[in-house]
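A.B. asks: Protein chains in written order, with the numbering used here: chain A, 812 to 1149; chain B, 11 to 185.
Any given hint could turn out to be false.
To be verified - Listed next, with one range per pair, are the computed distances between beta-carbon atoms: (1) A822/A / L20/B: 10 to 20 Å; (2) R819/A / I148/B: 27 to 37 Å; (3) L879/A / I148/B: 47 to 57 Å; (4) A180/B / H848/A: 47 to 57 Å; (5) A822/A / S106/B: 54 to 64 Å; (6) G149/B / G826/A: 27 to 37 Å; (7) A30/B / R819/A: 21 to 31 Å; (8) A82/B / L1134/A: 20 to 30 Å.
If you're looking for bench data, these hints aren't it; they were derived computationally from the structure.
For glycine and all other residues, C-beta sits at the position ideal for the given N, C-alpha and C.
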Amino acid sequence: MTLTEPWRVLAFLVGIIAFVALNAAYLVWLERKVAGHIQGRIGPKEVGPFGLLQPLADGIKLMSKQLLVPKGVDPLLFKVAPLLVLVPAVMSFVTIPFGENLVARNIDIGLLMIFAFASVNVMGLLLGGWGSNNKYAVISAARAVSQNVAYEIPMLITVVTMIMLTSTMNLNEMVIQQGGGILNWHFFANPLMPFAFLIFFVCALAETNRAPFDLGEAESELIAGFHTEYSGMGFGVFFMGEYANIIIGCSLAVILFLGGWQSPFEFLSDQGLWGVFWFLAKVYFLIFCVMWIRWTYPRTTLWGLLNLSWKILIPISLLILLLTGAMIKVWPLITGAS
Amino acid sequence: MISLFTAEGLAGLVFLFIVAVTVGGALIAVGSPRLPRAVAGLAICFIGVAGLYYFLHSPFVAVMEMLIYVGAVCVTIVFAIMLADPGDEQKVGRRSAVAAPVGFGVGALLFWGMAMLGIKTMWPAAAAKVNTGSVTDIGHALITNYGMVFELISLVLLLAIIGSLVLARAGRGKS
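All chains, please: the whole structure from these sequences, using the hints.
C.D. replies: Written as structure tokens, this is what we have:
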């Protein structure tokens, strides 16, 4: 089925927004279920079968709440900040390949584009925290930024390693390179890749402000962090942005390391909708891991967090970068291959 | 006159919108008495400029503009402002009476000069696409044509790193 260009754009636009909104709603449900089962409870169960209508009720509740703009805030920045978190996240979906042909715009520099938009996210947190004119919000924004700046470096170094390995920044091409079974995934490309994946995943957790790195909203110290002053849908939009960012982080991890929409075994199809199935299955598995980690590990301290990035992750990722470069360029010279 | 409902017409509309975003952001950046708002205006201006680059078929430069200027420079500025002065807005120092006319005069002169330069120069026709923009091309360009620039930039960055280390070290007690 082919659509003409304007209709294709429109279809992707509606599809992506629906995907983000539905995921935000149902990932909250999933999070509560996972948290419940990990803590020996059963999570939401009253509204609908298995509590499946709970997100709907939550949404109605959030939307019917009054949007308070407290005195003394910067009204413009206060209102714009949630959008600054959500909109770039939605933009990033433009270039994510959900299936072999299911990508809104197959941009040559897609990987770079996602990081460009992800960097705007921090701006939203900062302006929201500052605009709230609230001590807790300002402290939280300062924390969130120092954390994001620190973890962007090992993440980008890891990504540069992957770009060296694939010599492309086109996400779909990266996935195509990983075809033909689980052993061709970049996760197994060389012995260093599992470590690179681990670094990328930890950085993704930190970049999206997820526990155990959610210093920005440590509720025991900072009430609710940068969104302390937000009520109703203002808070809801922050939350949607957070979940959208988690999906993007996990999608990137899947595309870079775990073969994107490629099926794990050659005898299983990855054509058409099967590709979408494999992609989403991997992404949701990673999202489940994110939740699993959140409800298993306690929050770190700010010092521990920054030390982990500057003293452990950055040197290791630099080492991986160097060794991968050596493997690509020097190894063939020694062995005389190619 | 191009009709609005053709590809060119819509592109023109998008172009005008991007220009409006750029100019509007710049005006906010210059005019706002609150520093964080001014930085937000600056960020909007940068996003507009990135849009202009995209409009000029340079997605790589556009993305870099977003990544470096919005994601790094603006965030650093806001961060610095927040650490220095989280509370009341400060009055910008009193301006002298000649500041506005002189500023406008210099601005008009600059604008006139740039505009004349743009109109009078015989621009070579731009290629539709310079290269494929692949990583290999960028790498080749960086170590052949722009090798000198590349080395100089790395030197500047090295100096910046050493400088920041010195500054950070000085702030710490002897421990």
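A.B. asks: If a hint holds in the structure, say so; if it doesn't, say that too.
C.D. replies: Results of checking the hints against the structure:
1. Judged by the Cβ atoms, the range 10 to 20 Å given for A822/A and L20/B holds: they are separated by roughly 19 Å.
2. Checking the proposed 27 to 37 Å range against R819/A and I148/B shows it holds: the Cβ atoms sit about 30 Å from each other.
3. Between L879/A and I148/B the C-beta distance comes to about 49 Å, which sits within the given range of 47 to 57 Å.
4. In this structure the hint that A180/B and H848/A lie 47 to 57 Å apart at CB holds, the actual value being about 52 Å.
5. With their beta carbons about 58 Å apart, A822/A and S106/B fall inside the hinted range of 54 to 64 Å.
6. For the pair G149/B and G826/A, the beta carbons lie near 36 Å from each other, so the given range of 27 to 37 Å is met.
7. Distance hint check for A30/B and R819/A: the Cβ-Cβ separation is about 28 Å, which falls inside the suggested range of 21 to 31 Å.
8. Taking 20 to 30 Å as the suggested C-beta distance range, the pair A82/B and L1134/A conforms, at roughly 27 Å.
When each numbered hint is compared with the structure, no violation occurs for any of them.
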